[in-house]
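*Asks:* With chain A held as given, fit chain B onto it using these hints.
Protein chains: 2
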Amino acid sequence: MITLVIYDITDDIVRNKIAKTCKRFGLSRIQKSAFLGDINSSRRKELISKLRRILGKNRGNIQIFVLCRADFALREVIGYEEFNENEEIVLV
Amino acid sequence: MITLVIYDITDDIVRNKIAKTCKRFGLSRIQKSAFLGDINSSRRKELISKLRRILGKNRGNIQIFVLCRADFALREVIGYEEFNENEEIVLV
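Protein chains in written order, with our numbering: chain A, 32 to 123; chain B, 32 to 123.
Here chain A stands alone, though its shape is the one from the complex (with noise of 0.2 Å):
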């Protein structure tokens, strides 16, 4: 299934350790406080107690929303997505 995850979160240490954890789960960045990627039913509920963890007392908000095929078929994008080695967007 393909899971996207956004987040909401002000704190520089925890936003980082947030992006990590979704990079080592294998979702790949699409915003900045945007990842996406296809994991199975198991490894996506071991991301969400992860990041429970992480967020833990801190302010911030993460969302993480499952998308069948025939949904994410639907996915529009509207402009560039464009990353530089620091995971920042690069804009153009």
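Just to be clear, a hint being listed does not mean it is correct.
Note that the list lumps identical chains together, so a pair holds whenever it fits in one copy or between two copies.
[As the list claims (entries may be wrong)] Within a straight-line C-alpha distance of at most 30 Å, the following computed DSS-like cross-link-like pairs (lysine-lysine) qualify:
#1 Lys-51 <-> Lys-63
#2 Lys-81 <-> Lys-63
#3 Lys-51 <-> Lys-81
Derived by calculation from the structure, the hints in this document are not laboratory data.
*Replies:* Coordinates of chain B only, in the frame set by chain A:
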């Protein structure tokens, strides 16, 4: 169908226009740069067309996802969603 709009836009004016358009189409803010709501297919297409026009040649990325009920039921939310009158997240 449930529609999720996520965006990554640095220009304040463009970003605000995107947010206002999402609101006008009946979507609710769930994160600083994410809106969610139940709109039909033709309204979604109209929204996409408007968002495309607003972004125009400006830098940024907007992604629109469609979620069926079964997928949406798997959504996980970690942390709080809180916004003030100005639609910015209130971190209490």
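*Asks:* Could you work out which earlier hints the structure fails to respect and list their numbers in ascending sequence?
*Replies:* none
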